[in-house]
Every structure is written in structure tokens, then in C-alpha cells.
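Listed in order, the protein sequences are those of chains A and B. With the UniProt record's numbering applied, the first sequence closes on residue 370, and no number is skipped along the way. With the UniProt record's numbering applied, the second sequence closes on residue 281, and no number is skipped along the way.
Possibly wrong hints are sitting among the right ones.
[Claimed, not checked] Simulated crosslink set (EDC-like; lysine to aspartate or glutamate; CA at most 20 Å straight-line):
{"hint": "1", "chain 1": "A", "residue 1": "Lys118", "chain 2": "B", "residue 2": "Glu197"}
{"hint": "2", "chain 1": "A", "residue 1": "Lys111", "chain 2": "B", "residue 2": "Glu197"}
{"hint": "3", "chain 1": "A", "residue 1": "Lys191", "chain 2": "A", "residue 2": "Asp8"}
{"hint": "4", "chain 1": "A", "residue 1": "Lys77", "chain 2": "A", "residue 2": "Glu64"}
{"hint": "5", "chain 1": "A", "residue 1": "Lys136", "chain 2": "B", "residue 2": "Glu197"}
{"hint": "6", "chain 1": "A", "residue 1": "Lys136", "chain 2": "A", "residue 2": "Glu126"}
{"hint": "7", "chain 1": "A", "residue 1": "Lys290", "chain 2": "A", "residue 2": "Glu338"}
{"hint": "8", "chain 1": "A", "residue 1": "Lys77", "chain 2": "A", "residue 2": "Asp160"}
{"hint": "9", "chain 1": "A", "residue 1": "Lys136", "chain 2": "A", "residue 2": "Glu123"}
[Unchecked claim] Computed beta-carbon distance windows for the label pairs:
{"hint": "10", "chain 1": "B", "residue 1": "Asn149", "chain 2": "A", "residue 2": "Pro78", "range": "46 to 52 Å"}
{"hint": "11", "chain 1": "A", "residue 1": "Gln140", "chain 2": "B", "residue 2": "Leu49", "range": "49 to 55 Å"}
{"hint": "12", "chain 1": "B", "residue 1": "Leu73", "chain 2": "A", "residue 2": "Asp200", "range": "55 to 61 Å"}
{"hint": "13", "chain 1": "B", "residue 1": "Ile135", "chain 2": "A", "residue 2": "Glu114", "range": "56 to 62 Å"}
{"hint": "14", "chain 1": "B", "residue 1": "Leu106", "chain 2": "A", "residue 2": "Gln140", "range": "36 to 42 Å"}
{"hint": "15", "chain 1": "A", "residue 1": "Pro95", "chain 2": "B", "residue 2": "Ile151", "range": "36 to 42 Å"}
{"hint": "16", "chain 1": "A", "residue 1": "Gly312", "chain 2": "B", "residue 2": "Trp15", "range": "54 to 60 Å"}
{"hint": "17", "chain 1": "B", "residue 1": "Leu73", "chain 2": "A", "residue 2": "Pro95", "range": "26 to 32 Å"}
{"hint": "18", "chain 1": "A", "residue 1": "His96", "chain 2": "B", "residue 2": "Leu261", "range": "30 to 36 Å"}
{"hint": "19", "chain 1": "B", "residue 1": "Gly266", "chain 2": "A", "residue 2": "Leu137", "range": "52 to 58 Å"}
{"hint": "20", "chain 1": "B", "residue 1": "Ser191", "chain 2": "A", "residue 2": "Glu285", "range": "38 to 44 Å"}
{"hint": "21", "chain 1": "B", "residue 1": "Gly230", "chain 2": "A", "residue 2": "His96", "range": "43 to 49 Å"}
Please keep in mind that the hints were generated in silico from the structure rather than gathered at the bench. Please read these numbers as outputs of a predicted model, since none were measured by experiment. Glycine residues also receive a C-beta, built at the ideal position from the N, C-alpha and C atoms.
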Amino acid sequence: MFDDQLQDNQLQVIGITRKFGSFTALDDVSIDVRRGEFLTLLGPSGSGKSTLLNILAGFDAPTEGRLVQDGHDVTRKPAEARNFGMVFQGYALFPHMSVARNVAFPLRVRKVPESEQKRRVAEVLERVGLSAHADKLPRQLSGGQQQRVALARALVFSPDVLLLDEPLSALDKNLREQLQLEFQRIHREFKTTFIFVTHDQTEALALSSRIAIFNRGRLMQMDGPTDIYTRPSSRFVAEFLGQINLFRVENVTSAKDGISGRFGECLLAAPGHVRDPAWVGVRPENMRLKATQPDASQNAVPVTVNAVSYHGPTVLLSLTAATDGTTNVLSATMPASEWTDFDAQKPHWLCWSRDDSLVFPQENEAEQGA
Amino acid sequence: MTMFKNGGGRSAIVWCIFVLPLPAFLILAYFLPMMGILSWSFTDPVPGLQNYARIAEDQTIHLLFWRTLRICLTTAVISVLVAYLLAYHWILGPPARQRLIEMAILIPFWISVLVRAFGWLILLRPKGLINENLIALGIITEPLAMVRNEIGVVIGMVHFMVPMAVFPIAAVMRQIDPRVIQAARGLGAGSVRRFIEVFLPLSMPGVIGALFIVAVFSLGFFITPAILGGGRVVMVAENIFVRMLQTANWGLGSALAAVLLVLVVGLIWILSRIVRLDRLL
Ligand SMILES: Nc1ncnc2c1ncn2[C@@H]1O[C@H](COP(=O)(O)OP(=O)(O)OP(=O)(O)O)[C@@H](O)[C@H]1O
Ligand SMILES: [Mg+2]
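Input sequences plus hints: build the corresponding full structure.
Encoded structure:
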């Protein structure tokens, strides 16, 4: 990015650790949150995402480490003094207040004049498309509408940062996708920093300017969605974000432009450096199925087809690599129109370019866990 | 349930053995005797409405009802205030405090009303523990009048009613989503505003329920006013007892009982209009 504005760090998480007794929920996490970005915290259940969000919000304090906002230490600043917006998983609307009163709540707290309150509530309700429901109680609204009220309530006072903890997880798929688009639009319009927690990888890829991936309380990688998808730094990240086929390779030799290692009788090449033994990984969409063995410039593994599932424009193939005993179940996608030329009974070759290969070390795998 | 479906004969037997006894008991032990008593109010000493006419006209009876209502209302308000504090700390306090309050609520249930009323008498009477100590400390010179008046009766009744009021309030407080309170905090609300704008309104159904429950129970109070009021603070229930068993005016006594019953049923009906009763349990 060339935009200096975007590089401006609004919030700095510095070496934050949170222990519950002897259990470490967050382990030495450091993140620089840029002003105006859409940062997603992604990770499996129990990886510490909510714990970090609660520390950011001020509902919880770290055992070690600091939180710095625009150069000021805010680690011990109480939640009510932080001026952060917060959208909770269950929305947490005030059940006894109308939609308009819910949304006006943060303005009332800030002693904004009555007429100004009215104006801003009307404006934000307009933006989230709820003007017609201003006088209803939360329980008279659908899930998606309640979600929008929660969003409006968190945005109405122009918070410095908006924290969202799995705001869409209770909604069905269609509504979720619709609201994702709305979140993107609202993020653009309000120019507020969004910190968004989810364990849905598609949601993370679709929405974020950057994604931070957590596992067992540790920050595994933080990057833009494309970078993190195409260049995962660990096997965990590669497997967590999207699909990946993994080949365990041995006798790894390094050359100056990459490595090569044996997978059964096949020699697989990949860019990058790694010590023996290692994993070579490929995304399904980068693999091609061929009826004959390709030339040696490509990586290729002999496979048999187990199952084919039809997904409209593409087919998803489930394959077995039959290489001396080590049977790997692999998956690959291909355009449905191409698949008609294949005979599923025959053996095939699964090929991919060495530049599409990723390599990961096998060491400290127990620690990373999958 | 499925096992009762087939074979009408068997299900009828099951019904007779397991379900019928309760309504049957209630009808025999409560409803029929009550009807009998109520019928006296129209027949004793002569058939007619003269007992009710007397209630409508007699100033001392009006006074009796006003006194009863006043004591009930005072008791209800004070009990609910105290119960609200107890319930709040019972639900939200640290574990040690929660256990302590649990004991404070449960132990009174094991002590009879009679014992508790006499206990208060010992504490409150002119030569009782409180007055003797206050005089010994030089804070007062004359003993405070805390029994044989409404203050004593209210103290005794509040003591009895507080645990009863804690339960409905606590039940409603327990159903308040803590994330809603947290949300208020995240949106900038300090502790006072969180309480006044969010927690208090959400716990109101419990407060209203407790007010009615205490009021209804208090209307029929007998032992506590009899002992702590010492015959000077007579409430309706005690008055009914006196009229029936001491002056043998069965007709007027049962007419008073009928009016009391209508009041109680009326209060419960109003309550059921305001809050959902099942949320109070
Ligand atoms: N108050 C607490 N006391 C003890 N352990 C806790 C507490 N809060 C969280 N934990 C533990 O910390 C770990 C991380 O929890 P956290 O809620 O941050 O996970 P998460 O990444 O948000 O998961 P999910 O996607 O399921 O919401 C979990 O193992 C959890 O059991
Ligand atoms: Mg969580």
C-alpha cells in the first residue's frame, strides 16, 4: 500500500499475554492496528479471539503486555471510557427499549443534546435501512434486523474503533452474505477502524483488509487476504484458510531457486527453503488432472479417482495418490466441461506448476497442532 | 405419556390414582368448608345481606381495613427494598457473599412464625434488649415504643416477608443477560447509569411481583400482629378470629373473610395482568 494514512497505527497491541490460572489463553500477541482498516481475527474455537477482543474493549485486562492507543497507554482504561463501539455475538440489545432508544443510548450517555440525538439516530437508522422500525422493540425484529440495530448502536457515536465479535454467526447463509456486503459498505462510509472476530474463513477473506490468524492463543500470521491465502507461513495457516493438499517429502535437497524432495517415486519441486523432512502443499484450484504423464518441468503424482461431486461450473474430485503404501486423499477442482473428457476408471496424473507449490517444515508440528 | 395412550381403562385408572387425589383433597379440605363459611355470611343470624351492609357502614370496620392495607403496603415496600438488595448481591456478589446471603434467606424458613414474633418481642419491648442497651449507652433516656404499635408489627412482618420477596426478584435478575449490561458499559455507560437505565428496568417485573406477593400474604397475617401489636394493632384476620371465636358473631366474621378473599383474588388478578407469573419462579 502506498497510502501513508493507512500505515498510521491507531492501536498497538504489545506483547499481550492473558492467563486464566495456569492456562494461557493469549501468548505474547503483538499487533499494530492501522487507522481505518478492516482487521479480522480468525482462528478455531478457543484460540483466544474473544479474549483479545475483550482486552481491546476493556472488559478484561492482560496478565502481561500493553495496549497503546495513539501513543497513550490504555491498558487499564475502563471500558466505559474507551469510546470503542462493540457488537456482540448475541447482539445484546436492550430488550426494554425501542430501536430508536437503543441506538440513542450511547448519545444519551455522552449527553448529546436531544435534537442532535434525534438527527443522528435518524441518520444512522437510515443508513442501515431500519427507519421504518424505529419504534419497535428488539423482540419484534428479525435476527438480521436486530443485527443491524446493534451495528447502528455501535456506530452512532462515531467510535474510534468498532469491535465486532462474530456478529453474523447466528444468521443463515443468505442473510450473512447480504450483511457482509453491508458491513463492507458501512466500513467504507464511516471510515471507522473495524476489528472483526470470526471463525468463518470465507467471511474473513471476503471482508478484511488484513487477517490475523490465531491458534492456541498465538498469532500465527497477519497479512492481507491474498498474501495470507497464497503465501501461508505455516501448515496450520494453509490448512485453516481454504483447502490444501499436502505431500510429505523426504530427502529434501536445496538449490538456489528452491527445494526438491521425494514423494514416493515422484520428485516434487517447490520454491523456498526448508529442512528435511518437509511438506509440499498445493491448493486444489492450482492442480490439473491429466491422462498422461507430463514432462519433468511440472510436479506430477499418479492418482486414481475416488469420487466426483458436481458443483455447477466446477467439479470437485476426490483422489488417492497411490505411491508405495502412503495413501493420501487429495482434492482438486476443474471446470465441469473438461471433466467430461475423462474416464474415471483409468489411472491419471495430477500435475501442478512448481511455482504454485508451498513448503512447510515438519518440525515443531506438535506445537502448532492442527 | 405414550404408555397412557393405549387402553382407555388403564389411563383412567392411572388418572384416578395419581392426578385425582390433589383436586379432590383441595375440594374437600378447602373449597367446601370455605363455601360453608361464606354461606354463613348470608344466613347468620338471619338470611339477608345485613352483614355486608354493616361492613359498608361501620366506621370501625373501615378503620380496620385501612389499617390492614396501610400495614400491608408499608410491609411490602420495605420488604421489597431490602429483598432487592439481598437478591442483587445473591445473584451478582462474589461466591462467599452469595453463600452468606443464601443462609440468611433460608434459615428463617426453619423457624416458626410464633418463635420469630416472640423473638422480636424480646428485642423490641420497653425493657427489651434494644431499649436497655440504648439507655445504658446514654443515647436515649426513655425507652422507644417499638411494640404494641404499627412499627413493631411492620418490623415483624418485614422480617417474615423478606425471604419470600427475594425469590421472585432473584428469579428475574437471574434471567437478565449479563452481556446486555456489558454492552451498556462498552457504549460508555458508567455503573450508576447501567443500573438505572438497564438493570433496574429489566428487574422491574420481579419487583412488581414481589410487591404483590408480599401484599397478598400480609393481608392474612394473624400471629405477628397479634403478638407484636399486643391487641392494639388489630388487622382483619385477627378481627375475624375475635368475632367468630370470642364474640361468636359468625355471620359478620365470615362476611369479613369474604371481603378479604375478594381483595386477595383481585390483587392476584391485577398482578397476572402486569407480569408473566411463570417468570417469577
Ligand atoms: N474467564 C475464563 N476463565 C477461564 N478460561 C477462559 C476464560 N475465558 C476464556 N477462557 C479460555 O480461553 C480460551 C480462549 O477463549 P476465547 O473465548 O478467547 O476463544 P475464541 O477464540 O473466542 O473461541 P470461539 O471461536 O469459540 O468464540 C478458551 O480455551 C477458553 O476456555
Ligand atoms: Mg469467541
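Structure-based check of each hint:
Of the supplied pair hints, the one linking lysine 118/A and glutamate 197/B holds, its CA atoms being roughly 19 Å apart against a limit of 20 Å. Proposed proximity of lysine 111/A and glutamate 197/B is supported: the alpha carbons are some 14 Å apart, at most 20 Å. For the hint linking lysine 191/A to aspartate 8/A, the alpha-carbon distance of about 14 Å falls within 20 Å, and the restraint holds. Straight-line distance between C-alpha atoms of lysine 77/A and glutamate 64/A comes to about 15 Å, which keeps the hinted pair within the 20 Å bound.
For the suggested pair lysine 136/A and glutamate 197/B, the alpha carbons sit about 18 Å apart, so the restraint of at most 20 Å is met. Taking the CA atoms of lysine 136/A and glutamate 126/A, the gap is about 15 Å. The hint holds against a cut of 20 Å. Straight-line distance between C-alpha atoms of lysine 290/A and glutamate 338/A comes to about 11 Å, which keeps the hinted pair within the 20 Å bound. With a C-alpha separation of about 15 Å, the suggested pair lysine 77/A and aspartate 160/A falls inside the 20 Å cut-off, and the hint holds.
With a C-alpha separation of about 17 Å, the suggested pairing of lysine 136/A with glutamate 123/A holds against the 20 Å cut-off. Judged by the Cβ atoms, the range 46 to 52 Å given for asparagine 149/B and proline 78/A holds: they are separated by roughly 49 Å. Evaluation of the 49 to 55 Å hint for glutamine 140/A and leucine 49/B yields a pass: the beta carbon distance comes to about 50 Å. Restraint check, leucine 73/B to aspartate 200/A: a C-beta distance of roughly 56 Å satisfies the suggested window 55 to 61 Å.
Distance hint for isoleucine 135/B and glutamate 114/A: a CB-CB separation of about 57 Å, consistent with the stated range 56 to 62 Å. Range check, leucine 106/B to glutamine 140/A: about 40 Å between beta-carbon atoms, so the 36 to 42 Å window is met. Between proline 95/A and isoleucine 151/B, the C-beta spacing of about 40 Å keeps the proposed range 36 to 42 Å intact. With their beta carbons about 59 Å apart, glycine 312/A and tryptophan 15/B fall inside the hinted range of 54 to 60 Å.
Our hint of 26 to 32 Å for leucine 73/B and proline 95/A holds, since their Cβ atoms are close to 30 Å apart. A beta carbon spacing of about 35 Å between histidine 96/A and leucine 261/B agrees with the range 30 to 36 Å that was offered as a hint. Here the CB-CB span from glycine 266/B to leucine 137/A is close to 30 Å, at odds with the stated 52 to 58 Å. Checking the proposed 38 to 44 Å range against serine 191/B and glutamate 285/A shows it is violated: the Cβ atoms sit about 54 Å from each other.
At roughly 46 Å, the beta-carbon separation of glycine 230/B and histidine 96/A lies within the given 43 to 49 Å, and the hint holds.
Hints 19, 20 from the list above are not met by this structure, while the remaining hints are.
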